[in-house]
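Asker: Whole structure, please, built from the sequences with the hints as guidance.
Every letter in the sequence shown is one number past the one before it in this note's numbering, and letter 366, counting from 1, is 366.
I should point out that these hints are in silico values taken from the structure, not numbers from a laboratory. Quick caveat, the model's predicted, so the values are computed rather than measured. One or more of the hints may lead you astray.
Stated by the list, open to error - Cut-off 30 Å, straight-line C-alpha distance, at most; resulting in silico cross-link-like pairs (DSSO-like, lysine-lysine):
#, residue 1, residue 2
1, K108, K215
2, K327, K80
3, K215, K164
4, K164, K34
5, K164, K176
6, K34, K109
7, K109, K176
8, K364, K288
9, K215, K327
10, K108, K176
11, K176, K215
12, K80, K34
13, K330, K80
14, K130, K182
15, K109, K364
16, K108, K288
17, K364, K330
What the hints assert, rightly or not - Okay, the calculated beta carbon distance ranges per label pair:
#, residue 1, residue 2, range
18, E102, N141, 15 to 21 Å
19, E116, K288, 17 to 23 Å
20, S160, A72, 27 to 33 Å
21, S160, T261, 31 to 37 Å
22, S128, G366, 43 to 49 Å
23, R175, S19, 48 to 54 Å
Where is the CB? At the ideal position from N, CA and C, for every residue including glycine.
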Amino acid sequence: MITKSNFMNRVNKEEGWLSRSETFNFLGRYYNLKETTMSVEIVSSCNLRCPGCWVKHSHGLSTARSVDVMDAGILDRTLKFGRNMGISRISLLGGEPTLHPELSEIIKKAYSLGYERVSITTNGVFASSKIEELASSGLSNISFSIDGSTPEMHNMIRPSMNGKDTFSVTINNLRKAIIYSKEHAFTVTVNHTIFPANFHDTESMIRFVAGIGVKRCRLHFTFPGDGERNVAVKDVNAHNQDNGTYIMPEEWLGLYDRFRTLSRELGIEIQIARVYGSSEVSKAALIKAPYLNVLPNGELLMCTTHSRLSNKDRHTFATIEDERHIKLNKDCILFKSPYKSTCCKAIPELIEHLPIYVRDRINKIGMGCSFLSSPLA
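Answerer: Following this line, the structure appears as structure tokens:
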């Protein structure tokens, strides 16, 4: 087993290569592998150009990334690696995963290797015929990203490459997925990212999708200043003149009771990131990372939060070398940080460049892990 001292010696070696048992023990320090979901970015391209996209923002691109699909060899290696590490859940991401021409085959292959749950997260902009194809693949869950209750709001936050309406296509596919889910026994989730621009539209969005038949909504947190300053459209953000483009901690905390009541009223599950408050910070210090994130080139991120930061290379902690081994990145901040918890340690960097009045309020209340999401009850 790797001790802290010989582990750091291994990291400091030029090769940084771990054996199978060392790989398993190393990952066990940061993950409960039986409960971990391996998130695989199977395609880097996307058919939308969202101004709040963390992928675009973090890489300083004028448009979302245009790299194509994950190499077949890397994908095969990744799927087998996950199973060899005891991981049983996999989430297929992008970019936009439905752009991958072999998406259904990837899902089937994952099950053939022994994965118990395979899910995808999509923007919902794809040919409606793909729903039937995905349903037949044995998919466990499909999550649609919907950021507004109206075409005007959703299309502003999630615009297409050519300026065409994305709301109608997404909602039509959502409706169809709900119909097919009853026959093929998969679940349908709506992901909703809360920005200052749509802060007061969130309840309307939840009511809208609940009326369609959605039984679970997951509300995502945006770090202050993330994604082109949180889609800062001045006329839409008129409700928040004092704080401009930031959702402040007090505003986020106020959502808990509000949406707990809504959850009971509508009879649906609403999950929300428990990101602020001293108890949540304590949980973040103890938590093992819930997601092992695999980039298209086979590099590993402890948390997708790291992709929001500059110099991504400092935050990829290893590369999958083959189906049983990883090679450590000795420059990863994970190995140099003074923090002692298993938290991803990205938060101090995220808030470092915010206005001082925002930092002060965050530090006063306390900020934990944005992945500490749980259903409101």
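Asker: It remains to establish, for every hint, whether it holds in the given structure.
Answerer: Against the structure, the hints:
1. K108 / K215: Distance of about 25 Å is within 30 Å: holds.
2. K327 / K80: Roughly 16 Å between the alpha carbons, so the hint for K327 and K80 holds.
3. K215 / K164: holds, 28 Å
4. K164 / K34: Distance of about 42 Å is beyond 30 Å: violated.
5. K164 / K176: holds, 21 Å
6. K34 / K109: holds, 20 Å
7. K109 / K176: holds, 25 Å
8. K364 / K288: holds, 25 Å
9. K215 / K327: Not satisfied, since the Cα-Cα distance of roughly 41 Å exceeds 30 Å.
10. K108 / K176: holds, 21 Å
11. K176 / K215: Roughly 15 Å between the alpha carbons, so the hint for K176 and K215 holds.
12. K80 / K34: holds, 15 Å
13. K330 / K80: The hint holds at about 24 Å.
14. K130 / K182: At roughly 16 Å apart (the allowed maximum being 30 Å), K182 and K130 satisfy the hint.
15. K109 / K364: Violated - the C-alpha atoms of K364 and K109 are around 48 Å apart, more than 30 Å.
16. K108 / K288: OK: K108 and K288 at ~29 Å, within 30 Å.
17. K364 / K330: This hinted pair is violated, its Cα atoms lying about 34 Å apart.
18. E102 / N141: 15 to 21 Å: holds, 20 Å
19. E116 / K288: 17 to 23 Å: holds, 19 Å
20. S160 / A72: 27 to 33 Å: holds, 28 Å
21. S160 / T261: 31 to 37 Å: holds, 35 Å
22. S128 / G366: 43 to 49 Å: Holds, at about 45 Å.
23. R175 / S19: 48 to 54 Å: At roughly 50 Å between Cβ atoms, S19 and R175 fall inside 48 to 54 Å, so the hint holds.
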